[in-house]
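Kindly produce the complete structure, drawing on both the sequences and the hints.
Top to bottom, those sequences are chains E and W.
Each residue of the first sequence is one higher than the last, beginning at 983 in the working numbering.
Each residue of the second sequence is one higher than the last, beginning at 18 in the working numbering.
Among these hints, one or two may not hold up.
Said to hold, decoys possible - Straight-line Cα separation of at most 25 angstroms, DMTMM-like style, residue types lysine to aspartate or glutamate; simulated pairs:
hint : chain 1 : residue 1 : chain 2 : residue 2
1    : W       : LYS89     : E       : GLU1081
2    : E       : LYS1076   : W       : GLU30
3    : W       : LYS208    : W       : GLU236
4    : W       : LYS219    : W       : ASP245
5    : W       : LYS31     : E       : GLU1081
6    : W       : LYS54     : W       : GLU30
7    : W       : LYS64     : E       : ASP1040
8    : E       : LYS1056   : E       : ASP1046
9    : W       : LYS118    : W       : GLU198
10   : W       : LYS31     : E       : ASP1001
11   : W       : LYS70     : W       : ASP80
12   : W       : LYS54     : E       : GLU1081
13   : W       : LYS89     : W       : ASP43
14   : W       : LYS84     : E       : ASP1079
What the hints assert, rightly or not - Away from chain W, derived, C-beta distances all over 10 angstroms, residues of chain E:
hint : residue
15   : PHE1009
16   : SER1012
17   : PHE1020
18   : THR1044
19   : ASP1046
20   : MET1049
21   : SER1057
22   : HIS1067
Calculated from the structure, these hints are not laboratory results.
Yeah, the Cβ is synthetic: ideal placement off N, Cα and C, and Gly gets one too.
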Amino acid sequence: MAETEHSQINISYIRTHVDNIEQLSKFAISSNPTCKEFIKKHLEQRALSPEVYLSLADGPRTLDEIMKSIHSSKSKGTISLVCKHLFEQGLLTKVPDPENAKSFKYTWGELEVMLGVSKIANEISRTKKKK
Amino acid sequence: MKSQEQKRRNKIEKLAEALRSFKIVDRFGLSNLISTKDSPTIIDIKKCINKNKEYLPSGISTDYLAKAILVKIQEPPTGISLWQNKYKGLHLNFKKIPAGKKYASVYQDHILELLNAIFEGILSNPKKEQPSENTLGFIDIVFDNTADEGFFSRLKKEHNIPSVAIPIECKNYSDDLKNEEYHQLYSRLKKNCCFGLLICRKISNRKKSLAHCKGKLTEGKYMLVLDDEDICLLFNLRKKGDYSGIDDFWGQKFRDLIL
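Here you go:
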C-alpha cells in the first residue's frame, strides 16, 4: 500500500511504464498476422473449441452453463478439456463467481479485444456447418 | 486492536484482490468509494465502474464485476479467517464444567485457552501459574501487555496505568466472590502491574462486586471482574472480528470502575 510520497511516486512511475509496455504489447499482437493464424490453429485443434468460445459471448459462464449453452452430447470431461485447452492458450481466462466463492467462471481473455477471436471462431464454426 | 483505519485497509486489500482476479487495477475510483463509505451498495459500485467503463475486461459486464467486488469486500478480513481456522476447535463448553475446587484446574485451563484466543494480537506470552514476587503464591495466568492499539494500549498511554503485564486470577466458585478473592488479586498488583482481572463463574451481585474493585482504586490498583457470560461475549465478538465491540466492552467495564 502506498504510504509515503516517495512510494507513491515510485508506484506512479511503475504504473506509467507498465501502461506503456502494455500498449506496445497490444500493438505488437494486433499487428502481427501470425497471431491470428495461431488462434485459428488452436481453435481448430480441438473439436468444439469455437462453440465453447462463442458460448461466452454473453458473459462469464461455469462449465455447467457452457455445457447447457452448446447443447452438445459430449461429456463434461470433454468440455472441461476444451476449456482447459483454450485457457492454456490464453484465449479464455478464469474469473471469480460472485454467486459461489469457491467456484470460478470462464470468460474471454484480452485477445478478444485485440484480435477479435470470436470472429475467427464464428468463421470456423460456419465453415464446419457448410461441410 | 484493529481500528476503523484497519477496517478500511482490509476493505481496500479485498478490493485489490477482487480486481487482481480480473487482471485489472482500480481505474474506477473504487478505493475512494470504499474509503469514504463504510458499506457501499452495488449501485454505488456500479456508478463508479460506469465512469470508466472502457477499462472493463472483455466479456465482463459492470453488473458482474460490481457483484464480485461487493462479495469480496464483504468477506471477513483475512486475519479473521485465519483466527477462525486457528481456533475452530475451541468451544464455549467450559460453561459445563462444574463449579468447585475439584475442577478448578480444568476451568483454569479452559479460561487460559479462551483468553489466549480472545487476546491474540493484543496481549501475548500467556503463562500459567506464574510465581508472584509480592507473595509466596502463584498467579493463575499472566499475559504481557504488548497492545499498541485499543483498550489495553490506552491503559498505558492515556490512563497512565502501569500495566506491563496483566495478572489474572480464575475462581471456579459457585457463590459470589468474597473479600479474600479480591484481596488476593489486589496483592498480585504491584508497581509495574496495576491492572488485573478476576475471572469467576457468575456475578450475582454486580454492585457489590464493583464496590470491592472501587475500594482499591485509591491505592492505584485497577481490577475488573468477568464471569462466564463476559468470556462468551468476548469470544463471540472476537470470532466475528468485531474489534470495536471488544473495545466498547472493555471501555464500559473500565468506566463503571472509575466513575
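Verification of the hints:
no.: 1; hint: LYS89(W) - GLU1081(E); in the structure: holds (11 angstroms)
no.: 2; hint: LYS1076(E) - GLU30(W); in the structure: holds (20 angstroms)
no.: 3; hint: LYS208(W) - GLU236(W); in the structure: holds (11 angstroms)
no.: 4; hint: LYS219(W) - ASP245(W); in the structure: holds (6 angstroms)
no.: 5; hint: LYS31(W) - GLU1081(E); in the structure: holds (17 angstroms)
no.: 6; hint: LYS54(W) - GLU30(W); in the structure: holds (15 angstroms)
no.: 7; hint: LYS64(W) - ASP1040(E); in the structure: holds (21 angstroms)
no.: 8; hint: LYS1056(E) - ASP1046(E); in the structure: holds (12 angstroms)
no.: 9; hint: LYS118(W) - GLU198(W); in the structure: holds (14 angstroms)
no.: 10; hint: LYS31(W) - ASP1001(E); in the structure: holds (23 angstroms)
no.: 11; hint: LYS70(W) - ASP80(W); in the structure: holds (11 angstroms)
no.: 12; hint: LYS54(W) - GLU1081(E); in the structure: holds (24 angstroms)
no.: 13; hint: LYS89(W) - ASP43(W); in the structure: holds (15 angstroms)
no.: 14; hint: LYS84(W) - ASP1079(E); in the structure: holds (9 angstroms)
no.: 15; hint: PHE1009; in the structure: holds (17 angstroms)
no.: 16; hint: SER1012; in the structure: holds (14 angstroms)
no.: 17; hint: PHE1020; in the structure: holds (18 angstroms)
no.: 18; hint: THR1044; in the structure: holds (13 angstroms)
no.: 19; hint: ASP1046; in the structure: holds (17 angstroms)
no.: 20; hint: MET1049; in the structure: holds (18 angstroms)
no.: 21; hint: SER1057; in the structure: holds (25 angstroms)
no.: 22; hint: HIS1067; in the structure: holds (18 angstroms)
When each numbered hint is compared with the structure, no violation occurs for any of them.
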